[in-house]
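Engineer: Following the hints, put chain B in place on chain A, whose structure we already have.
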Amino acid sequence: MRQGKVFDITMKLNDDMDEPESVLADMAERLLANMVIEDYRVEVIADS
Amino acid sequence: MRSVVVQFPGTNRERDMIAALRLATETEPVLVWHADTELPKADLIVLPGGFSYGDYLRAGAIAAHSPIMESVKRAADQGVLVLGICNGFQALCESGLLPGALMRNASLNFVCRNVELRIENTETPFTCLYKRGATMPCPVAHHDGNYFADPETLERLESDLRVIFRYDGGTNPNGSQRNIAGILNEGGNVLGLMPHPENRVEAAHGGTEGLTLFKSLVLGISDRAA
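These protein sequence lines map, in sequence, to chains A and B.
Note that our numbering has the first sequence beginning at 1, numbered continuously upward.
Note that our numbering has the second sequence beginning at 1, numbered continuously upward.
One chain only, chain A, in its complex shape (with noise of 0.2 Å):
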């Protein structure tokens, strides 16, 4: 069995950010997952 939390997440791109993976990746491993006991996985979905 697998339990989890899913995310929607908007984001307003600026010309000086990193990539949205990777900014999305630092937050899961700050704060939205426990790395101890959790994993994650970003999908990134462009605004049509």
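You may find that some hints are simply not true.
[Claimed, not checked] Partial list, computed: chain B residues near chain A (C-beta under 8 Å): (1) Arg58; (2) Ala61; (3) His65; (4) Glu94; (5) Gly100; (6) Ala101; (7) Met103; (8) Phe148.
[Said to hold, decoys possible] Chain B is nowhere near these chain A residues, computed Cβ spacing over 10 Å in every case: (9) Asn14; (10) Tyr40; (11) Ala46.
Calculated directly from the structure, the hints in this document are not laboratory data.
For every residue, glycine included, the Cβ atom is placed at its ideal position computed from N, Cα and C.
Structural biologist: Only chain B this time, still in chain A's reference frame:
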């Protein structure tokens, strides 16, 4: 002895903690709000139990990132004693001050009962007045007390004698690995445990075994100062 109790939104054991510290130390602890950024000079910093930030995201996760925690981390790095009980233990793990994590109880239910605690190491300022191997009844009240760490971390905790408290007599209430109830950091100055010794400090609680932890701290701190 100068002690500080940190209060987060949702903390609910700060008054019990202050009462226990007052009883053991005969001094008045200082209550510090989570949004403060500076701690008063202290010999002991306590992160008490409760449901900080409503346990949103994970128990202790938001508390670990609150403004006061930078000062707590700095003080811990400088060797100040830090005690985290229940939600405080969860916040210490989330902040990286202690290894491992507290997962949801194996039963998936909130547990509120007395357990038997075995004192595994008395060579610490938190437990120096206990007898090694002795057991004591102590209340627990939590939903996320199931201690988990990877095998390497567990081995290091065991070999360094940093498992300080263990559930005894088949009373593990949450499925914690190796019946772990409380652990110490590498520096020996940060202790986290799930049970509530502050709720067993006077006869009306059914016993006073928990008071020994706070009296140990008084002795341990005076020994460190000597």
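Engineer: Each hint should be assessed against the structure and marked as holding or not.
Structural biologist: Here is how each hint holds up against the structure:
Annotation: interface hint on Arg58 (chain B) holds; nearest CB of chain A at approximately 6 Å, less than 8 Å. Taking 8 Å as the C-beta cut-off, the interface hint given for Ala61 (chain B) holds, the closest approach to chain A being about 7 Å. Annotation: His65 (chain B) was flagged as interfacial toward chain A, and the flag holds, the nearest CB pair being 6 Å apart, inside 8 Å. Taken as an interface hint, Glu94 (chain B) checks out: its beta carbon lies about 7 Å from the nearest beta carbon of chain A, inside 8 Å.
A distance limit of 8 Å between C-beta atoms decides the matter here; for Gly100 (chain B) the minimum to chain A is near 6 Å, and the interface restraint holds. For Ala101 (chain B), the interface hint holds, since its Cβ comes within 8 Å of a Cβ in chain A; the closest pair sits about 4 Å apart. Contact between Met103 (chain B) and chain A, as hinted, is supported at the beta carbon level, the nearest pair being about 6 Å apart and thus within 8 Å. Here the hint on Phe148 (chain B) is kept, as its CB sits about 6 Å from the closest CB of chain A, short of 8 Å.
Distance to chain B confirms Asn14 (chain A) as a non-interface residue, since its nearest Cβ pair spans about 24 Å, more than 10 Å. Its beta-carbon lying about 13 Å from the closest one in chain B, Tyr40 (chain A) satisfies the requirement of being farther than 10 Å from that chain. Remark: the non-interface label on Ala46 (chain A) is consistent with the geometry, its nearest Cβ contact in chain B lying 27 Å away (cut-off 10 Å).
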